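K.L.:
Sequence lines, in order, name chains A and B. According to the working numbering, the first sequence is numbered sequentially starting from -9. According to the working numbering, the second sequence is numbered sequentially starting from -19.
Since the hints were derived computationally from the structure, they do not count as laboratory data. These figures come from a predicted structure and were not determined experimentally. Please note that the accuracy of each hint is not assured.
As the list claims (entries may be wrong) - Straight line, CA to CA, 25 Å or less: simulated PhoX-like cross-link-like pairs of lysine-lysine:
id: 1; chain 1: A; residue 1: K82; chain 2: B; residue 2: K147
id: 2; chain 1: B; residue 1: K71; chain 2: B; residue 2: K148
id: 3; chain 1: B; residue 1: K7; chain 2: B; residue 2: K72
id: 4; chain 1: B; residue 1: K71; chain 2: A; residue 2: K93
id: 5; chain 1: B; residue 1: K7; chain 2: B; residue 2: K96
id: 6; chain 1: A; residue 1: K82; chain 2: B; residue 2: K63
id: 7; chain 1: A; residue 1: K93; chain 2: B; residue 2: K7
id: 8; chain 1: B; residue 1: K7; chain 2: A; residue 2: K82
id: 9; chain 1: A; residue 1: K82; chain 2: A; residue 2: K93
id: 10; chain 1: B; residue 1: K68; chain 2: A; residue 2: K93
id: 11; chain 1: A; residue 1: K82; chain 2: B; residue 2: K148
id: 12; chain 1: B; residue 1: K68; chain 2: B; residue 2: K147
id: 13; chain 1: B; residue 1: K148; chain 2: B; residue 2: K72
id: 14; chain 1: B; residue 1: K66; chain 2: A; residue 2: K82
id: 15; chain 1: B; residue 1: K96; chain 2: A; residue 2: K82
id: 16; chain 1: A; residue 1: K93; chain 2: B; residue 2: K72
Said to hold, decoys possible - Here are the in silico distance ranges between beta carbons for each label pair:
id: 17; chain 1: A; residue 1: Y94; chain 2: B; residue 2: K71; range: 42 to 52 Å
id: 18; chain 1: A; residue 1: M92; chain 2: B; residue 2: V69; range: 19 to 29 Å
id: 19; chain 1: A; residue 1: F81; chain 2: B; residue 2: L28; range: 38 to 48 Å
id: 20; chain 1: A; residue 1: V62; chain 2: B; residue 2: L28; range: 40 to 50 Å
For each residue, glycine too, the CB sits at the ideal point set by N, CA and C.
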Amino acid sequence: MEQVPLSHILILSSTLFFLGVYGFFSRRNLITMLMSVELILNSVNINFIAFNKYLFPHQLEGVFFTMFIIVVAAAEVSISIAIIINLYRRFKTIDIEDTTTMKY
Amino acid sequence: MSASTIIFYILATLVVVFGALTVFSRKIFRAAISLLLSLTFVAGLYFLWDVDFIGALQIIIYVGGIIVLIIFSIFLTHHSGQKLPKAKVSKKLLSGTLAVAGLGFTTWVVSQFVFKPAVGVTPVEPNVHNIGLQMLNYSEYGYVFPFEVINILLLAALVGAIVIAIKKSQETEK
C-alpha cells in the first residue's frame, strides 16, 4: 500500500506550529495566546505519532510522549485559566498591554 | 492515489484552514470554535493512522476538557459580540516574518533530509493492551516512573489552579 511521504506530514505539522507562533506573537489577548500554544502542542503531537508510525513501528515511545504532552497541556491550561480569571478580577481586562503593574 | 492518501490530504487541509481561522479571526468565540474543529480533525488524522487510543484521548481531553474550559473562561471575561482590537502593524510584520522564515527554513531542512525507517522489525500494534502493559511496567523500557511523576504534576496543577482562582472574601472586605 502506498503511503503519504513523511515529509508531507512534517510540513503539515510545521505549518500548524508556525501558525501558532504567529498567533502567540501577534495577539494581545491572553486567551487567544493560550489557543496558539494549544496549536503548537498539537503540531508536536502529530510529529511524534508520525515518527513512531513511519520510522520506528516496533516501539511505542512516540505514543507515550504524546500522552504525556496531552497531560502537561491539560495541567498548563488549568493553571493559566486560573491565572487569567484572577487577573480579570483584579484589572477588569485580560489585554497584555493594559496590565502593567509589574513592568520595569 | 489510494483513498487513505486522499483522506489524509483533505484532513490536513482542514486542520490548517481551521488553525489559520483560530489565529486570524477577530471574534474570540469563533476562534475558540475553529480551534475545536482543528483539534477534532487532528484526532481524525490519528484515527486514520490506526492510533485509536491517542485519537480517543485527543477528543476526550482536548475537545471535551480544554476547549470547554477555554469557552467557559471566554464567557467569564468577555462581553459577547465584541471584536478584538487589531494588532499593531509592526507586531504583525515582526511575527509574520518570523513565522514565514521559520516555516521556509523547516520546509527546506525537511525536503533535504532522507529518513531511514527501521527495517526487519516486527511492528507493535498501538492498542490499549500493549500501551497499558508498557505504561505500568517497572522493568526495562517501562514507563511507570514518568507515569507517577505526571500524576503528581497533574494533582499539583489542579490544586494550584483552585488556590489561585479561589475568591478571598475576607481579604477583599478589609
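K.L.:
Now tell me if each hint is right for this structure.
P.N.:
Hints, one by one, checked against the model:
With a C-alpha separation of about 15 Å, the suggested pairing of A:K82 with B:K147 holds against the 25 Å cut-off. A C-alpha spacing of about 37 Å is found between B:K71 and B:K148, which places the hinted pair above 25 Å, so the restraint is violated. This hinted pair checks out: B:K7 and B:K72 have alpha carbons roughly 17 Å apart, not beyond 25 Å. Our distance criterion of 25 Å between C-alpha atoms is met by B:K71 and A:K93, whose separation comes to about 19 Å.
Restraint check for B:K7 and B:K96: not satisfied, since their Cα atoms lie roughly 44 Å apart, outside the 25 Å limit. Of the supplied pair hints, the one linking A:K82 and B:K63 holds, its CA atoms being roughly 17 Å apart against a limit of 25 Å. Taken as a hint, the A:K93 and B:K7 pair is broken in the structure, with Cα atoms around 28 Å apart against an allowance of 25 Å. At roughly 19 Å between alpha-carbon atoms, B:K7 and A:K82 fall within 25 Å of each other, so this suggested pair holds.
For the hint linking A:K82 to A:K93, the alpha-carbon distance of about 18 Å falls within 25 Å, and the restraint holds. For the hint linking B:K68 to A:K93, the alpha-carbon distance of about 20 Å falls within 25 Å, and the restraint holds. The hinted pair formed by A:K82 and B:K148 meets the criterion: a straight-line CA distance of about 17 Å does not exceed 25 Å. Distance hint between B:K68 and B:K147 is unfulfilled; the C-alpha atoms sit about 35 Å from each other, more than 25 Å.
Pair hint B:K148 plus B:K72 does not hold up; C-alpha atoms about 39 Å apart against a cutoff of 25 Å. A C-alpha spacing of about 19 Å is found between B:K66 and A:K82, which places the hinted pair at or below 25 Å, so the restraint holds. Restraint check: the Cα-Cα separation between B:K96 and A:K82 comes to about 54 Å, which exceeds 25 Å; the hinted pair is violated. Restraint check for A:K93 and B:K72: the C-alpha separation of about 22 Å stays at or below 25 Å, so the hint holds.
Hint check: A:Y94 to B:K71, Cβ distance near 20 Å, so the stated range 42 to 52 Å is violated. Checked against the hint of 19 to 29 Å, the pair A:M92 and B:V69 passes, with Cβ atoms roughly 27 Å apart. For A:F81 and B:L28, the hinted distance range of 38 to 48 Å is satisfied, since their beta carbons lie about 44 Å from each other. Against the hinted window of 40 to 50 Å, the Cβ-Cβ separation of A:V62 and B:L28 comes to about 25 Å, which falls outside the hint.
Checked against the numbered hints given earlier, this structure breaks hints 2, 5, 7, 12, 13, 15, 17, 20; the rest are met.
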